[in-house]
Amino acid sequence: MPAIDLNLGPNWEFNFATGIGLTGGTDHLLVKMILGRRLKFGKR
Amino acid sequence: MLRFAHRVHVPLALLLFLLPAAPVRAQGNYEVQVYGAEMVPPARTMVELHSNFTFEGSKTAVDGVRPDNHALHETIEITQGFTSWFETGFYVFMSYRSGEGYQWVGNHIRPRVRIPEKWHWPVNVSLSTEIGYQRRSYSPDTWTWEIRPIVDRQLGRWYLGFNPSLDRSFHGLTVGKGVTFSPNVKMSYDVTKRVTLGFEYYGALGSITGFDPLRDQ
Chain A
6 MPAIDLNLGP NWEFNFATGI GLTGGTDHLL VKMILGRRLK FGKR
Chain B
23 MLRFAHRVHV PLALLLFLLP AAPVRAQGNY EVQVYGAEMV PPARTMVELH SNFTFEGSKT
83 AVDGVRPDNH ALHETIEITQ GFTSWFETGF YVFMSYRSGE GYQWVGNHIR PRVRIPEKWH
143 WPVNVSLSTE IGYQRRSYSP DTWTWEIRPI VDRQLGRWYL GFNPSLDRSF HGLTVGKGVT
203 FSPNVKMSYD VTKRVTLGFE YYGALGSITG FDPLRDQ
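Heads up: the protein sequence lines correspond to chains A and B, in order. Those letters in the first sequence? Residues 6 to 49, by my numbering. Those letters in the second sequence? Residues 23 to 239, by my numbering.
Chain A extracted, bound-state conformation (with noise of 0.2 Å):
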């Protein structure tokens, strides 16, 4: 999958890919995003 990471800051995490599935046991298009934030509860 051709993917493309975006560095949104420390606390961010960005991930976009396009697939194709080359054989018949796979999707033969799919599109897939992850969005991450890191979050602090509380103090230490």
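The hints are simulated quantities; they were obtained by calculation from the structure and are not laboratory data. Computed from a predicted structure; not experimentally measured. Where hints are given, some of them may not hold.
[Said to hold, decoys possible] Here are the simulated DSSO-like cross-link-like pairs (lysine-lysine), alpha carbons at most 27 Å apart as the crow flies:
1) B:K215 x B:K140
2) A:K45 x B:K215
3) B:K81 x B:K215
4) A:K45 x B:K81
Dock chain B against chain A, hints included.
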């Protein structure tokens, strides 16, 4: 010299980005990710939303699994960092399809450890194990277990990651296959400080005692 290297590597990264895509079947299209060894720091929580849309998938039920053509798979992943070498992730899998609405698919839990950075190994090494349940109408196997070694390394602007995963079904169609091999690979290049282009490969090769024929992988 650096500028020259950048001139050579950026087109290479673009080439990777434009490569034909590879087989997609990681975690049944709910969690499509090559894991890096980096962990969520202690006392921090990472909340992730994995959104996967299948533009062209199965149009009829296959092995008792609902079709996934035009299905939106949403996974909420919550990972808690406990120490610098131990974290645990929890997954909620959901599926949306026209006429079906949002459906709960299942849950997984994923403890993970890593070799501490202060040991200064030449590569980062981590070990993840994931166990959980998915409804039979959304997965050929309900109770499954995965053990995923993670090896990665940042080399200047280049990143290389490898997850030679082993999977085992405890209930479902592939129980008889025993332990199966699913290698995942990621290679990427930091084109700028904010943009990284790369290529991810997700394979599901079949049983470790004899891989499936290519058409079934």
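Could you grab the alpha-carbon distance between K45 of chain A and K215 of chain B and see if it respects the 27 Å cut-off? Status holds; Cα separation ~25 Å.
For a C-alpha distance cap of 27 Å, please report whether K45 of chain A and K81 of chain B respect it. It is violated: about 43 Å lies between the C-alpha atoms, which goes past 27 Å.
Next pair to validate is K215 of chain B with K140 of chain B; report whether the Cα-Cα distance is within 27 Å. 26 Å, holds
Restraint check for K81 of chain B with K215 of chain B, where alpha carbons must lie at most 27 Å apart: 41 Å, violated
Checked against the numbered hints given earlier, the structure breaks hints 3 and 4 and satisfies all the rest.
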